[in-house]
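Given the coordinates of chain X, work out where chain Z should sit on it, guided by the hints.
Residues per chain, in single letters:
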Amino acid sequence: MLETFNSLMLGFSVAFQPQVLLYAFAGCIIGTLVGMMPGLGPLAGISLLLPATFGLNPIIAIVLLAGVYYGAMYGGSTTSILMRIPGEAASVMTCVDGYAMTQNGRAGPALAIAAIGSFFAGTVGVIGLMLLAPTLASFALRFGPPEYTALLLMGLFVLAYMSGGSMTKTLAMAVLGLLLGMIGIDAMSGYTRFSFGIIELGDGVGIVPVAVGLFGVSEILLTAGQQETPRVQNPTLRQLIPSKEEFRLSAGPIMRGSLLGFMIGIIPGSAHIISSFVSYGIERRMSKHPERFGNGAIEGVAGPESANNAAATGAFVPMLALGIPTSPVTAVMIAAIMIHGISPGPMLIQEQPDLFWGFVASMYVGNVVLLILNLPMVGLFVNLLRIPYAYLYPCILAFCVLGVYSVSNSIVDVWIMLAMGGVGYVLRKFGFDLAPVALGLVLGPMLELSLRQSLAMSGGDYGIFLQRPIAVTMLALGLLLLALALKPMIFKSKDWRSKVGLEDQVE
Amino acid sequence: MKRIALAVIGALAALGVQAQDAFPSRALSMIVPFPPGGVADTTGRPTAAALEKILKQPVTIVNRPGAGGAVGNAAAANAKPDGYTMLMALSSISVIPEADKLFNRKPAYTLDQLDPIALISADPMILVVHPSLPVKTVKEVIALARKQPGELSFSSSGVYGALHMPMEMFMHAAKLQMRHVPTTGGGPALTQLLGGHVTLTAGGPAAISGHVKAGKLRTIVSWGAERHPNYPAVPTFKESGYDITYYIWAGLFVPHSTPAAVTKVLRDAVRKGVDDADFKSQMAKLNSPIQYLDAPEFAKYWDADARRLAAVVQVVGKVK
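Chain order of the listed sequences is X and Z. The first sequence begins at 15 in this note's numbering and counts up by one. The second sequence begins at 8 in this note's numbering and counts up by one.
No wet-lab data here; the hints were simulated from the structure. Among the hints, a few may not be true.
No farther apart than 25 Å at their CA atoms in a straight line, the calculated lysine to any residue pairs in the SDA-like style are these [as the list claims (entries may be wrong)]:
1) Z/K245 / Z/A311
2) Z/K182 / X/G473
3) Z/K292 / X/D200
4) Z/K63 / X/L70
5) Z/K154 / X/G211
6) Z/K87 / Z/K113
7) Z/K279 / Z/Y249
8) Z/K113 / X/G211
9) Z/K182 / Z/I149
10) Z/K108 / X/D200
11) Z/K279 / X/I363
12) Z/K292 / X/I363
13) Z/K287 / X/H354
14) Z/K113 / X/F210
15) Z/K87 / Z/V69
16) Z/K87 / X/V428
17) Z/K220 / X/I363
18) Z/K279 / Z/I297
19) Z/K113 / X/Y205
20) Z/K220 / X/P148
21) Z/K182 / X/M202
22) Z/K220 / X/E365
23) Z/K307 / Z/V322
24) Z/K279 / Z/K292
25) Z/K220 / X/D368
26) Z/K146 / Z/A181
Excised from the complex, chain X in its bound form (with noise of 0.2 Å):
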């Protein structure tokens, strides 16, 4: 303990240097401006800034970039609170509560509760990463295709808590998810599939097209199709400020969050983006009003918001005590070292007390740079929404369209966000919930992946995911929250789904 307290001064005095403390106030900012772009996330982020850094030194670098990252997750948050345009895939749940709240009226606590929860996340995620990184990061290798189909499983029974109104309808959104998803190359043999010879469709169908089409774009439309004008908000300073009712109900699930991410968030792979989707499956099931969910419950948008933040610091976790990049962000960041001539491994924290204590220190920074940046702009961005729609929504288009291009440089993505945009109107006109398309088209690829990946360890035997405790441990909730699900299916009891549907069923 007092050796961990030791390192950590060593890390304080590097993280208080006042050329490391000025890179992560400037990675904060640029994260958090990036974060604000509709369709730009972390890893973009990263990806444009990396170059930036070659010529600082490593712990600037990575402190910058780190920055950089946690600083996008929180304003990822912004814009899909604000205007329903999901900065990447783990904000889509943030869009359905947060921009309710938003039409309500309470935008200001959205944010407010989005940075506290995400500060609270940071910060667990943090501790848990400088305490327990090791013990937890050869627990996540124990993470092999089968426990991560495992995963993945349990994940889509969560959808089952998530569905409100018509089972039907919510089914046949993550079915079109799932189509969705099937696009590309198939990674076990290499065919091409359904993607009518465009090469750049060999991949698949991204994510952030498809959310800000279908969230953002068709926004946008609906409200031009409306016949008045929607009034512009003008928000007083009392609104701006969460409520004590709002502080009550969103600690729990803040924590409840945080915990939950951290612990998807450390098994390498992409697995974090489902932790903001498990976190509202979570909350809604343990709301006393799940009635409210959809509707602008500040719980929805307290616990995903917490749970993707503390996943995003979960990530280090392999990646600083292994030393390998589990996902793309970390591998732009270990290459943002490997630059350097420092070469990731298991000896990292070892060989490198600086960096890794530097890393850590800094984050506790960062995320106290992140309230104290965010909570005071929370009245500023509100004001954004003054802005008659005449103008704001021809500019967030033109954003959509930039932010999306800019990802990979494919004008491809931009077809698909508009096109999705389209999909998504017409899908809502018919009061159908879009967050099941999302999950699905996250879920399809890696379930299909991993679940092959499995099979051909075991040589085509499906025993292998009884073989393994995690897989089997995982795959038995599943299955018990599936129980659960379909319980009042055949019980032809009521329950609180036949009230509620997932968003506002728009007319």
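Quick look at chain Z alone, frame taken from chain X:
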């Protein structure tokens, strides 16, 4: 006021005229067909920086990832052949058209759409196993694989990808059968091995070094033509009696039928660029050996490599 405007226009026009006769007169772009942080990207950026100094024009990196490099390669292949668009491609450039042929697809691009400028770097792959596996030499690996045919498994960065090809070469040469577990990249492939979910994998010398030093991976044999300077104790396949070599290389290309005068400027620039001190130190830090070859030699090298890889793709055939 009017006079000033006219003067400005005149000056701009003069610049424009000057621009006509000397290449390059404006910014160049270098397409990297992979996301930032990969080998193509980390080789491309120092190269672009070195070229900037020599050409006195900005060289911008444009990442066009997708479909294992096919998107960026095709973009470069179909770009205007004026020398302002270059491509930093990896050895996989030769595999993609072959795979397209195999599946009767309209090829994304063909190799004759691109002209080589220079080879920048090349690094052999190294076969690594999990340290719990009781094998230390390639002979023991083969013996183990023969004893349990089709039971050992290897991870790769993707089907027909940079880590799949060398393993297929090995399996074909030693007549082995193993299970193939494709993942989504070099990092995830290594993670599968570190977690003990597969038996072996091919790894880049730089990517595995930290894990080898820490004893989390054991090196067996390398695909190099000779021993790797950073791994002097690791024998090559050739020494072990198998005539297989496999390098991941990065080279610079321009679209076919770029004027010879323009390619000459670029070739000269790269020749000077690889001697640049900053470039050298950047590449050394990355553990990425500079392996410079000018266009004629590179064309030969590329041709031989492409034929070797095409043969492997044919042998592998469609994955069942």
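Consistency of the hints with the structure:
1. Z/K245 / Z/A311: holds (17 Å)
2. Z/K182 / X/G473: holds (19 Å)
3. Z/K292 / X/D200: Violated. Z/K292 to X/D200 sits at ~36 Å, over the 25 Å cutoff.
4. Z/K63 / X/L70: Given pair Z/K63, X/L70 holds - Cα atoms ~23 Å apart, limit 25 Å.
5. Z/K154 / X/G211: Not satisfied, since the Cα-Cα distance of roughly 44 Å exceeds 25 Å.
6. Z/K87 / Z/K113: Distance of about 21 Å is within 25 Å: holds.
7. Z/K279 / Z/Y249: The given pair, whose Cα atoms are some 37 Å apart, is violated under the 25 Å limit.
8. Z/K113 / X/G211: Within the cut-off at roughly 7 Å; holds.
9. Z/K182 / Z/I149: holds (9 Å)
10. Z/K108 / X/D200: With Cα atoms ~16 Å apart, Z/K108 and X/D200 stay inside 25 Å; holds.
11. Z/K279 / X/I363: violated (39 Å)
12. Z/K292 / X/I363: Distance of about 19 Å is within 25 Å: holds.
13. Z/K287 / X/H354: Answer holds: Z/K287 to X/H354 is near 13 Å, not above 25 Å.
14. Z/K113 / X/F210: It holds: about 10 Å lies between the C-alpha atoms, which stays within 25 Å.
15. Z/K87 / Z/V69: holds (15 Å)
16. Z/K87 / X/V428: holds (23 Å)
17. Z/K220 / X/I363: Holds: Z/K220 and X/I363 sit about 14 Å apart, inside 25 Å.
18. Z/K279 / Z/I297: holds (13 Å)
19. Z/K113 / X/Y205: Holds. Z/K113 to X/Y205 sits at ~13 Å (cutoff 25 Å).
20. Z/K220 / X/P148: Holds: Z/K220 and X/P148 sit about 17 Å apart, inside 25 Å.
21. Z/K182 / X/M202: Judged against 25 Å, a Cα distance of about 22 Å means the pair holds.
22. Z/K220 / X/E365: holds (12 Å)
23. Z/K307 / Z/V322: This hinted pair holds, its Cα atoms lying about 23 Å apart.
24. Z/K279 / Z/K292: Since the Cα atoms of Z/K279 and Z/K292 sit roughly 20 Å apart, the hinted pair holds (cutoff 25 Å).
25. Z/K220 / X/D368: holds (20 Å)
26. Z/K146 / Z/A181: Roughly 10 Å between the alpha carbons, so the hint for Z/K146 and Z/A181 holds.
The earlier numbered hints that this structure contradicts are 3, 5, 7 and 11.
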